[in-house]
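These protein sequence lines are chains A and B, in that order.
Per our numbering, the first sequence starts with residue 1, numbered consecutively.
Per our numbering, the second sequence starts with residue 1, numbered consecutively.
No lab work stands behind these hints, which were simulated from the structure alone.
All clues stand as given, with none of them false.
Pairs count within a copy or across copies, as identical chains cannot be separated in the list.
25 Å max Cα-Cα, derived SDA-like pairs, lysine to any residue: (1) Lys359 <-> Thr21; (2) Lys43 <-> Arg445; (3) Lys368 <-> Arg445; (4) Lys43 <-> Pro448; (5) Lys43 <-> Asn443; (6) Lys170 <-> Glu204; (7) Lys91 <-> Asp334; (8) Lys368 <-> Pro448; (9) Lys170 <-> Gln196.
There are 2 protein chains.
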Amino acid sequence: MQHCDTLIFPGWCVPIEPSGTVLTDVAVGIIDGRITDIMPAAKARVKFQASVTVERPNHVLLPGLINAHTHAAMTLFRGLSDDLPVEAWLKTSIWPAERRWVSAEMVRDGTELAIAEMLRAGVTCFSDQYFFPEIVAETAVDLQMRAVVGTPVIDFPTAWAKDATECLSKGTDLVHDPYADHPLIATCFAPHSTCQLSDGSFLELRVLADQLDTPVQIHLHETAAEVAESLERTGKRPLQRLADLGLINSSLLAVHAIHVNDAEIELMSSAGVSVAHCPKSNMKLGSGIAPLAAYRAAGVRVAIGTDGAASNNNLDILDELRMAALLAKAISGDASVLSANSVLRMATIDAARTLGLGKEIGSIEAGKSADLICIDLEHCNSQPVYNPVSQVVYTARADQVSDVWVAGKHQLDAGRLTGIDTGTLLTRCHEWQQRIGQDTPQNARSIP
Amino acid sequence: MQHCDTLIFPGWCVPIEPSGTVLTDVAVGIIDGRITDIMPAAKARVKFQASVTVERPNHVLLPGLINAHTHAAMTLFRGLSDDLPVEAWLKTSIWPAERRWVSAEMVRDGTELAIAEMLRAGVTCFSDQYFFPEIVAETAVDLQMRAVVGTPVIDFPTAWAKDATECLSKGTDLVHDPYADHPLIATCFAPHSTCQLSDGSFLELRVLADQLDTPVQIHLHETAAEVAESLERTGKRPLQRLADLGLINSSLLAVHAIHVNDAEIELMSSAGVSVAHCPKSNMKLGSGIAPLAAYRAAGVRVAIGTDGAASNNNLDILDELRMAALLAKAISGDASVLSANSVLRMATIDAARTLGLGKEIGSIEAGKSADLICIDLEHCNSQPVYNPVSQVVYTARADQVSDVWVAGKHQLDAGRLTGIDTGTLLTRCHEWQQRIGQDTPQNARSIP
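Kindly generate the complete structure, drawing on both the sequences and the hints.
Structure (structure tokens):
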């Protein structure tokens with residue numbers, strides 16, 4: 001018999017590739033953090049001697065979910081203010097809180113909270129944009145989480161960098177060392193939005209991105225106001241401005257991409273630009289609704305992201321993909337738009353390809369990294385099971401995620417996080433609540 | 001010291017009335033299934049000797065959530081078919097399944113599954129429309145769940161009744177006996193939709209509803225096709241037809257009510273018609289989006305429902321109220337529309353009033369029935385807590401509901417259902433899956 005580290009026997013396996021496949025009576029092995037073949041269960045039992053055998057007869061085995069856009073550390077601002085129009089939300093709440101509280105310590109704790117939440121919810125990889133990206137990367141490595149760490153680039157001074165040139169310089173350090181060819185961390189540049197960077201900064205960024213072969217992601221056409229302001233200030237819509245600056249190409253990930261016209265969709269399609277769709281944040285902020293059906297018809301690749309917890313207010317990709325499907329059906333008036341299978345691909349293989357990780361993650365295929373999850377369907381709210389993909393997409397909650405492996409490490413084992421001390425983490429959250437909350441009016445009162 | 005059955009010490013208490021109130025350091029007692037005053041915690045500890053003391057320091061105590069519209073037994077058809085346009089979904093999947101499988105046994109098991117799911121998710125009262133309503137009522141009483149049991153009325157023969165007259169006759173039995181003045185069960189008539197009843201049947205129903213003083217609920221203006229068909233067949237839109245038949249009044253609950261014009265909203269407002277808003281089902285079936293902001297501006301009372309699990313696919317009111325808030329913001333482009341506080345009222349006191357139960361449930365007030373829930377915020381995805389109402393509405397999942405009381409009975413105790421044997425229930429679900437699933441193509445396969 002051959003040795004393997006872990007052998008998983010799920011009730012069902014949804015490998016994502018080939019599309020639409022649902023397997024039963026199979027096993028998946030993990031050797032040195034990588035996936036073996038998907039084997040008939042009986043064959044696996046005679047072929048392999050496993051260090052750990054994981055029997056999950058009521059569960060669906062899937063590739064780990066991918067959160068294509070977030071600001072992890074903003075978990076510490078979760079629920080700080082809600083139900084405000086986006087401009088007021090930013091100007092009266094989020095930006096003042098960021099000016100006062102963003103620090104290496106805050107980013108460390110906020111990112112750990114985000115990783116704990118995401119692992120618990122079956123997310124094995126997140127694409128992040130936030131200050132102190134070196135801390136985001138360090139935290140992800142410490143906790144053995146996969147991340148695409150974006151270096152924020154803005155012209156204005158922050159606690160982390162004084163201008164775009166310093167952002168780019170720090171980002172270059174991150175790309176070179178220690179994360180070149182790192183097993184868990186990939187990097188990119190993340191200019192915040194076109195209104196936060198001059199043409200000069202964008203040109204500087206483009207040269208560096210080309211030299212370092214580093215992808216770029218940017219909030220683009222998120223609000224009607226952003227597009228209007230750009231037109232007024234530069235005479236161009238943001239996408240056109242980026243095109244003129246040479247930044248519209250297949251290494252660009254356009255985040256949100258809501259207020260686009262047909263010509264812009266065509267431009268994105270022909271240039272190979274991808275989209276990170278964040279339906280809950282867009283809805284909650286009243287920003288608008290991205291034209292998913294049009295993107296898919298035009299062949300634009302779309303991944304799913306939660307955005308930050310300050311505007312979602314969760315980092316739960318199961319919830320987000322369900323929302324993407326329901327919203328697309330609602331807007332089109334067509335229940336057949338964005339099927340369960342399609343939306344599950346957006347949160348796995350499509351997201352992996354969007355982030356340049358399509359050969360490493362996003363499906364259960366021999367040789368790929370063992371980023372895997374099990375979802376338990378033996379809950380009243382997911383029964384009966386006629387079609388496990390339907391139950392995963394339309395009924396399963398994050399708490400039904402029973403097991404998570406990242407590069408073969410068993411991060412969530414039968415519902416328990418193995419690498420994070422949540423007691424200590426929650427104590428630190430309470431401390432942050434006391435510190436950050438002191439600036440906001442408390443609505444809870446006692447009675448005499 | 002005074003005796004009380006149960007004394008609950010929550011971290012926060014959100015009594016719903018007065019609106020916007022959040023209390024700390026308080027206790028709520030239960031005596032003979034009813035709520036005592038909300039007291040300062042210190043006072044409660046010296047005043048009361050409780051049989052059971054429940055300490056929930058990280059939790060929010062709320063009135064039980066109300067599901068204003070569902071078809072409970074349809075849990076057994078959950079996920080049978082998805083991603084189909086509504087006409088195809090009904091005609092090729094749901095109606096054939098109903099013709100073949102609906103029976104007293106199916107309604108009993110499906111309703112028990114629904115009640116287990118709803119209790120687990122903090123729902124303490126549901127308003128139901130389905131065949132064999134006497135079985136729905138019996139099941140709710142057996143499991144000590146509160147329900148508004150609607151008698152379905154349609155002209156066509158079903159496994160339960162041969163025509164509208166028989167539906168009404170059976171419904172009359174239900175209203176009279178044994179559920180007149182029952183502590184847990186209220187009743188109503190539930191004509192399916194205007195296209196399923198002749199004018200004669202509606203007139204018969206109206207006379208009975210008046211005589212028995214029984215409210216009426218009906219699927220109304222759910223799809224554009226329903227409105228068009230009515231116009232073609234009767235020359236009237238459904239709402240106008242009901243108005244001409246004398247059925248538009250304050251005892252009518254209009255379910256869905258999506259495709260309405262300004263004059264119709266005005267008519268509903270002036271007549272005191274209420275609306276049961278089911279956003280997830282409407283989205284998933286591509287039926288359209290109800291004009292929530294317009295209803296609220298016109299003073300129409302709106303409650304939240306899940307609809308049946310075959311089109312949702314959950315019976316989770318926390319998820320549904322979050323969806324209602326996000327969808328209203330998305331459609332209006334205004335993040336301030338339908339605040340966390342407003343939407344929580346829709347799922348509690350507004351729903352109670354809509355169902356004619358406003359004096360009995362829907363808020364934590366002295367003398368009301370002890371229909372109460374606790375939601376645990378000590379989860380990574382709900383931390384930190386700046387505002388507990390925001391965390392309940394925008395972050396909490398059904399699994400964070402730790403405790404549920406219905407009329408004082410502790411139905412969910414620290415996450416465990418006390419009155420339902422879920423092991424046996426799930427075994428019966430598996431049997432139904434085998435029976436009902438045999439008619440549908442299986443998508444799961446093994447590999448050689």
